[in-house]
Amino acid sequence: MEDNRERAVPQIDLETVLDWAYCEAKVWWQTVGRTIEEKAEALISPRTGSLLLKEAIQGALKLGLKSYEKGSKFDFNTVIGTVWKVRLKKWGLGHMREKMAAYSVLYEELMSRFGEAGDIRKMDGSVYENPTWSHRWRSLAISLGLTDLRLEIDAEQHRAGMGRPKEVSKMDLWTEPIGLADAFARSTWITSQNQFNFEDILGVGEKVFITLPHIKISVSPDLILRSGNDLIYEVHLYDMRNPRVPDLMSNYRIKALFSAFVEDSPEEVSTVIVRHMMTGRMMNLSPRKAAGLNEIAPMATAILRRINAKDFSGPRMVNGWDACGDCDFKPLCFEGEGLMQRYNLPLSGRITAADELIEKIHHQLASYSEADRKIGNAYARVILPWIAQNPGMTEEQIEWLLAGIG
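With the first letter of the sequence shown counted as 1, position 59 gets the number 105 in the working numbering; the numbers rise by one all the way through.
Watch out, some of these pointers could steer you wrong.
No farther apart than 27 Å at their CA atoms in a straight line, the calculated lysine-lysine pairs in the DSSO-like style are these [to be verified]:
#1 LYS216 - LYS145
#2 LYS136 - LYS356
#3 LYS131 - LYS112
#4 LYS356 - LYS253
#5 LYS335 - LYS262
#6 LYS253 - LYS335
For the record, the hints were derived by calculation from the structure and aren't laboratory data.
My request is simple: use the sequences and hints to build the entire structure.
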């Protein structure tokens, strides 16, 4: 029987691929972990400080774009304040607003002293690449009360779906992943360092795509812009350190954007702008077509199969707290009894699913003769090993496979 349906092309987001490559737990928290958290219905859980920072900035940009389209004036500082006010109220943290505002003022004052126009320099006279990791910053933060405020604010961050911070020394605190306090302070600092021309913005945080015969990979520029006849993607980097051009050219997100298209559009991107959010500095990169696709595509295909099969094997955190560096998910992984108490749930679910599958097969084949069942067994001996090597098939792909068998 002829089947005219097109074979479904599997799809995966590049950010998921890169998260998996760093540590499977990052993907687990955003997929399986999201569904088993007790507060999953009340909060968008789990969250990290970096994700919260990006959400706040993108939320403000989306509101700003809507205001511009309606002909209203847009003040970045006012809108970012509104975004935070609404979210803090939703999380039951409205009482923390004054402390967070005080923290932000102290943070901005100290950050300014480490900037180009500031008075604090390295011994050789150069500017600190990452001020918050320096001994000078940590000492001043303690004496100014910034460290104590951060501890007080971050102690409440679990209400926003974030992991509780681990108790560390005040000097070591500034090398830990950012929490609620720094997400707020950095967002207000970023609004003072950046200007956006809303008449050029086509979209905020929208996906663009690389469509290959066997897989479709989505990647999200932070902004999609139009300048004259040119289509431009803009990437926002939230790290403290200024990026180097060689590092940017080897960045897989940027490589993917060189070859990505807006949905249902044949127009090629002309420029990828990289904006360092903490300084407002921008770099223009000319696209290199197909850059890295021979590396991205097979990696994405392999990871998608494992994700669909819930094939999580082992997170980085089993090697201890220090092994996770400054990963934002670290507080979540080590909170309470730790990630491993929940991490094996997918495996338990797969064992149960296997028992159910065997029972369904017995029921399905009950009316067939022994000779017919032997034919089915022969098919199974060929198909099952292949499925084991290609886990995570969709229903459409299974139907396509069976149609091919005849």
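So which hints don't hold here, by number, going up?
Of the numbered hints given earlier, the structure breaks just one, which is hint 2.
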